[in-house]
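Chemist: Using the sequences and the hints, build the whole thing.
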Amino acid sequence: MTFHKAKKVVIIAEKMLSNKICEIIDASGARGYTVVPAGGKGGHHRHFTSERASVVDDFSTVRIEVIVNDKSIAEGIGNKVVEDCFGNYSGIVYLEDVEILRPAKFNGE
Amino acid sequence: MDFLADFFLRFIEQFQSPTLGFLIGGMLVAALGSKLKIPNAIYQFIVFMLLMKIGLNGGIEIREANLLAMALPAVFSILIGLAVVRVGITVFSLLPGVNKQDGIATAGLFGAVSASTLAVAIVMLEEESIAFEAWAPALYPFMDIPALILAIVMANIHLKKQEKENGEGKEKEKETKVNVWQIIKESLRGSALSALLLGLALGLLTNSESVLTSFYEPLFKGFLSILMLIMGMEAYDRIKELRSVAHWYAIYAAVAPLIHGLIAFTLGYIAHLLVGFSPGGVIILSVIASSNSDISGPPTLRAGIPSANPSSYIGASTSVGTPVAIAVGIPLFIALAQIVFDI
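Residue numbers (my numbering), protein chains in the order written: chain A, 1 to 109; chain B, 1 to 343.
Each hint can be trusted.
With a cut-off of at most 30 Å between alpha-carbon atoms, the simulated DSSO-like pairs for lysine-lysine come out as follows: (1) Lys15/A / Lys100/B; (2) Lys41/A / Lys100/B; (3) Lys100/B / Lys20/A; (4) Lys37/B / Lys41/A; (5) Lys20/A / Lys164/B; (6) Lys20/A / Lys161/B; (7) Lys185/B / Lys80/A; (8) Lys15/A / Lys35/B; (9) Lys160/B / Lys15/A; (10) Lys20/A / Lys41/A; (11) Lys80/A / Lys164/B; (12) Lys80/A / Lys160/B; (13) Lys80/A / Lys161/B; (14) Lys185/B / Lys20/A; (15) Lys185/B / Lys15/A; (16) Lys37/B / Lys15/A; (17) Lys240/B / Lys15/A; (18) Lys240/B / Lys41/A; (19) Lys8/A / Lys80/A; (20) Lys20/A / Lys160/B; (21) Lys80/A / Lys100/B; (22) Lys35/B / Lys41/A.
Here are some chain A residues the structure puts well away from chain B; computed CB gaps all over 12 Å: (23) Met1; (24) Val10; (25) Asp70; (26) Lys80.
Keep in mind the hints are simulated off the structure, nothing from the lab. Nothing here was measured: the structure is a model prediction, and the numbers come from that model. Backbone N, C-alpha and C define an ideal beta-carbon position, used for all residues, glycine too.
Modeler: And the structure:
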């Protein structure tokens, strides 16, 4: 099997934004994404991981990963997330080069 | 002098309650850097358990209650919720170095209601065997929702005004329109209120006495003690955040719960004279007023007033406001009621 070059967009954002971000990803034409709980420290304050009880759970962070074949789609997702969500909420977006198997799984061709 | 001495003794007595002990213990453990962790899932389950029990209990007793008696306290709850937020916003606008949006969000959070504080009050009233109307905890949403709505509406009005001054109002006009129905829906769907309302409905419509007495009742106090431990740990952790915002938040958070509670006590006393609202009910109303939301309020405000800095309002509520409402407020109102109503 051959590996194909693709782009991965990684978004780390407050949990309460995850629905909105996933809608952006769905609208972009990507076929799927992965959401995992995150934690750590950002420019504003520490975000706890989910292993510890937190009275306000919605401020914990999530890491949303989406892989697409096309670089312009990846950039489109990143830009839209920053424009729509990160005006008032904290979060980061970055792209990574990845190599994938079965490229047909990633965006409709 | 006798009055004061008596009051003080009763006040001190409340500190021996195990509930407060766990709260202080949690702070102490966190301060000493303990690795003790209680998983988040357990915290969420405990909140559900406590509110389900309060709801079931209320629902069962509402069956025989005269609901007309609830009307006046419910109206008072709405008024208190709105007044607390309105006064809070004015207070913050007079203080130097306070961001307007942060001030509005903080006032909103202090007008809203804390489910855990309510649960503590119920246990402490049971320990003192002070009777209260079982529907009194159902006053919660009457204060909680109007307070959050008023804060979000005020914040958006302010934001619009600011944008107009900056000449960029037109583009954003559509986005800043407040959807009140959306806020009500979100509040009712929140984990705390959902559990409370579901409990009320189940208590009212089903024969839920057996599950209440065999499962929810016996576990109530034990779970509450764990909840207090978690809240103590969280309170200590959040103090660090509070250091990074203006000190006015800490001062407001320490004083406001007691003033709000005393206003509610006065209104509750009026309801006592007019419609025979019980002394326990007056205490519950005072506690609801003095409490500041910790579970459902912060996410609602974060979504409704995104430009406010969450560190300011969550720090103020979790690390100062809630411990003050629980450790000082509840004993104060119980002691006050014991003297005023001679119970």
